[in-house]
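Chemist: Below, each chain spelled out in residue letters.
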Amino acid sequence: MQKCSTGVDGLDILTGGGYPCGRSTLVFGGPGTGKTLLAMQGLAHSASDGQGGIFVSFEEDPDDIVRNFGSFRWDLAEHVASGKITPVDARLRPGTAISGGFEIEGLLGILAARLAESGATRLVLDGIDILLALEPGRQDGIRQLLAIERFIRDHKLTALITLKSDEIGAGMAIAPYIGDCVISLDRRMENDISISTLELVKYRGSPTPGVRLPVAIDDRGIALLYEGARMVEHKVFDDRLSSGVARLDTMLGGGYYRGTTVLVSGSPGTAKTTLSAATVDAACKAGETALMVSFDEAAAQIVRNARSVNIDLARHVEAGNLTMISLRAALAPAQMHIHHLCKIIEDIKPTVLVIDPVSSLIKGGGKSMVDSVVQLLVDYIKVRGITGVLTALVDSDNPEHEVTLTHVSTIADTWLHLTFVAHGGERNRALTIIKSRGSAHSNQVRELVLNSDGPSLADVYTEGGVVLMGTARLEREAEAATVRSRDAYDIFTKRSGEAAAIEEAKARIAALEAEVAGRTKALSLLDELEAKVVEIGEDRVDAVRRSRSADTGPKLVLPEARR
Amino acid sequence: MISLELFIAGTAANSSKALNNLKRALADLEIQVELAVVDVLHEPKRAWESGVLVTPMLVRRTPAPTQMLLGSMDDVTQVAAFIGATT
Numbered sequence: 001m002q003k004c005s006t007g008v009d010g011l012d013i014l015t016g017g018g019y020p021c022g023r024s025t026l027v028f029g030g031p032g033t034g035k036t037l038l039a040m041q042g043l044a045h046s047a048s049d050g051q052g053g054i055f056v057s058f059e060e061d062p063d064d065i066v067r068n069f070g071s072f073r074w075d076l077a078e079h080v081a082s083g084k085i086t087p088v089d090a091r092l093r094p095g096t097a098i099s100g101g102f103e104i105e106g107l108l109g110i111l112a113a114r115l116a117e118s119g120a121t122r123l124v125l126d127g128i129d130i131l132l133a134l135e136p137g138r139q140d141g142i143r144q145l146l147a148i149e150r151f152i153r154d155h156k157l158t159a160l161i162t163l164k165s166d167e168i169g170a171g172m173a174i175a176p177y178i179g180d181c182v183i184s185l186d187r188r189m190e191n192d193i194s195i196s197t198l199e200l201v202k203y204r205g206s207p208t209p210g211v212r213l214p215v216a217i218d219d220r221g222i223a224l225l226y227e228g229a230r231m232v233e234h235k236v237f238d239d240r241l242s243s244g245v246a247r248l249d250t251m252l253g254g255g256y257y258r259g260t261t262v263l264v265s266g267s268p269g270t271a272k273t274t275l276s277a278a279t280v281d282a283a284c285k286a287g288e289t290a291l292m293v294s295f296d297e298a299a300a301q302i303v304r305n306a307r308s309v310n311i312d313l314a315r316h317v318e319a320g321n322l323t324m325i326s327l328r329a330a331l332a333p334a335q336m337h338i339h340h341l342c343k344i345i346e347d348i349k350p351t352v353l354v355i356d357p358v359s360s361l362i363k364g365g366g367k368s369m370v371d372s373v374v375q376l377l378v379d380y381i382k383v384r385g386i387t388g389v390l391t392a393l394v395d396s397d398n399p400e401h402e403v404t405l406t407h408v409s410t411i412a413d414t415w416l417h418l419t420f421v422a423h424g425g426e427r428n429r430a431l432t433i434i435k436s437r438g439s440a441h442s443n444q445v446r447e448l449v450l451n452s453d454g455p456s457l458a459d460v461y462t463e464g465g466v467v468l469m470g471t472a473r474l475e476r477e478a479e480a481a482t483v484r485s486r487d488a489y490d491i492f493t494k495r496s497g498e499a500a501a502i503e504e505a506k507a508r509i510a511a512l513e514a515e516v517a518g519r520t521k522a523l524s525l526l527d528e529l530e531a532k533v534v535e536i537g538e539d540r541v542d543a544v545r546r547s548r549s550a551d552t553g554p555k556l557v558l559p560e561a562r563r
Numbered sequence: 564m565i566s567l568e569l570f571i572a573g574t575a576a577n578s579s580k581a582l583n584n585l586k587r588a589l590a591d592l593e594i595q596v597e598l599a600v601v602d603v604l605h606e607p608k609r610a611w612e613s614g615v616l617v618t619p620m621l622v623r624r625t626p627a628p629t630q631m632l633l634g635s636m637d638d639v640t641q642v643a644a645f646i647g648a649t650t
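First to last, the sequence lines map onto chains A and B.
Using the numbering used here, read the first sequence as starting at 1 and increasing by one per residue.
Using the numbering used here, read the second sequence as starting at 564 and increasing by one per residue.
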């Protein structure tokens, strides 16, 4: 079956190309669900492609519709002026009396003539239920609807028929059976926030996913937040971005991978915003373009608070590297915010995105709807290779039990959790890396310290099963320092003692050598002396002998002298 | 002088009924009425320009203001009242 674009990207994806060409599509919904908007947007879209259309209004003044929709970026007034779109007022004149039954054939005959004249291929019958409700009999309404359906097929018109949903419940229950394609629009209140949805109820010959999808409206008209069931291709990078906290980068194995999504969860006051500001600061310094979206906190206040921990965001804003946007979470449903954000991202093209806190959206109604739109946003930024930091406010200390977080924590690549640890009359901030895909990350808890040098991480001490932080940590650090200096002193003392002993020994060696030399000298003197003594002794013996005239006897032989 | 226009869709059931009912009602009236019957299937432009889209539609042009009556006109008294003869 040939399909014709609906003028709504998400709906084209949902329907596999658009409305069935040459057939009728039935759109039903309650008041303010966007039936007329959807119908006119389709006509404006096809008019831009050169296809003419006729818009038959049974409920509203078509001139009013054209005027009201003039604020959308469709050039509607131009299309009407050029005759591409023909608005037809099919309301009964005020005061028109009614007597008995009527038939639709006259209307169809007049339309056939207009269609032939203008060459239009698209038709909208907006609020046909208003006319059909005038029929006295139920069967007559159905008969006329069938006549319309036949007319559309015969003239090969791509037609949209809108009906109020309460009419579907009442006289027009058969209507959805007649259309080849049936779309239901709905709006419901959740937590005082209006959630608009669209469901493809049926589509002859095409699959219907069977889910209600979030709808958002902006100056481009109605938007369906749907990217299809096929997993979109995320960009994957090997380079990393600094978290803005040096030791955290080390714990993460070098920082956050570019293009990944980081969830920073924590209870109020645990420095989630400060941590994201640090990341933004580091990113801007590294030449990235950042977009920081804050819910319910003014940008100026974030700038001031960050300054107190030595993070200068104002500089990046002035340099044009950083765009800061503050939004009121409660003023629109999550789907509107996300749709709006996607458009802002499209304009600014940031490489780093912070949403602080994403939990504001999560609390804004419809859990399943929020999950799907947050998923959509994450897909949206990942496809574009944008690194995302999403903060989330949690109430309990155990983030894994936080139901609101289940989905976003599943899709986040890195999950940092911040807690307060109370001990010794203090509350200190502790940081844990719950997960970090693709990084060998530390499993150790660190204390997040905020001071005028900026945020940093400190080791924590465990003592008797209690984690020590803050003052207790400082005391413990001082204690450790004392032990270290005492050890150092001991070593120094011992070292100098040993050195002195070596010097002393060397001195002793010198003294002994001197003694050896002295004694050697003494010994040689003794040798000389001995030689003289022998000589003198022999002379005396010879002299005595001569005096006694004794013959010369054997010579006195002294024992061999020591040499 | 009363001037009427009846817009019908060929031989569609309610249009035929309306034409018959109107003729009967006019026959009972003792005033002069000018009636033009317009088949929108043949003269769609005339219907379009008169702001008539649904049939059968009876339009009373004069006396002013223009009044419209939609339907098969089964209730002859109502038709007579509309035409203005019995007021």
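Simulated from the structure, these hints should not be mistaken for lab results.
Watch out, some of these pointers could steer you wrong.
Claimed, not checked - Heads up, simulated SDA-like pairs for lysine to any residue below, C-alpha to C-alpha not over 20 angstroms straight-line: (1) K608/B / G100/A; (2) K608/B / G52/A; (3) K586/B / A430/A; (4) K580/B / G100/A; (5) K608/B / G228/A; (6) K608/B / R93/A; (7) K608/B / S118/A; (8) K3/A / G228/A; (9) K580/B / G228/A; (10) K586/B / A97/A; (11) K285/A / I348/A.
Claimed, not checked - Each pair of labels, with its calculated beta carbon distance range: (12) K586/B / D166/A: 35 to 45 angstroms; (13) D218/A / L592/B: 33 to 43 angstroms; (14) Q139/A / S579/B: 17 to 27 angstroms; (15) D49/A / K586/B: 44 to 54 angstroms; (16) E346/A / G573/B: 51 to 61 angstroms; (17) A627/B / E346/A: 34 to 44 angstroms; (18) K156/A / H605/B: 15 to 25 angstroms; (19) S579/B / A77/A: 38 to 48 angstroms; (20) R587/B / I217/A: 48 to 58 angstroms; (21) K202/A / A627/B: 17 to 27 angstroms.
Using N, Cα and C, we set each Cβ at its ideal position, and we do this for glycine too.
Chemist: Okay, which hints does this one fail, numbers in order?
Modeler: 1, 3, 5, 9, 13, 17, 21
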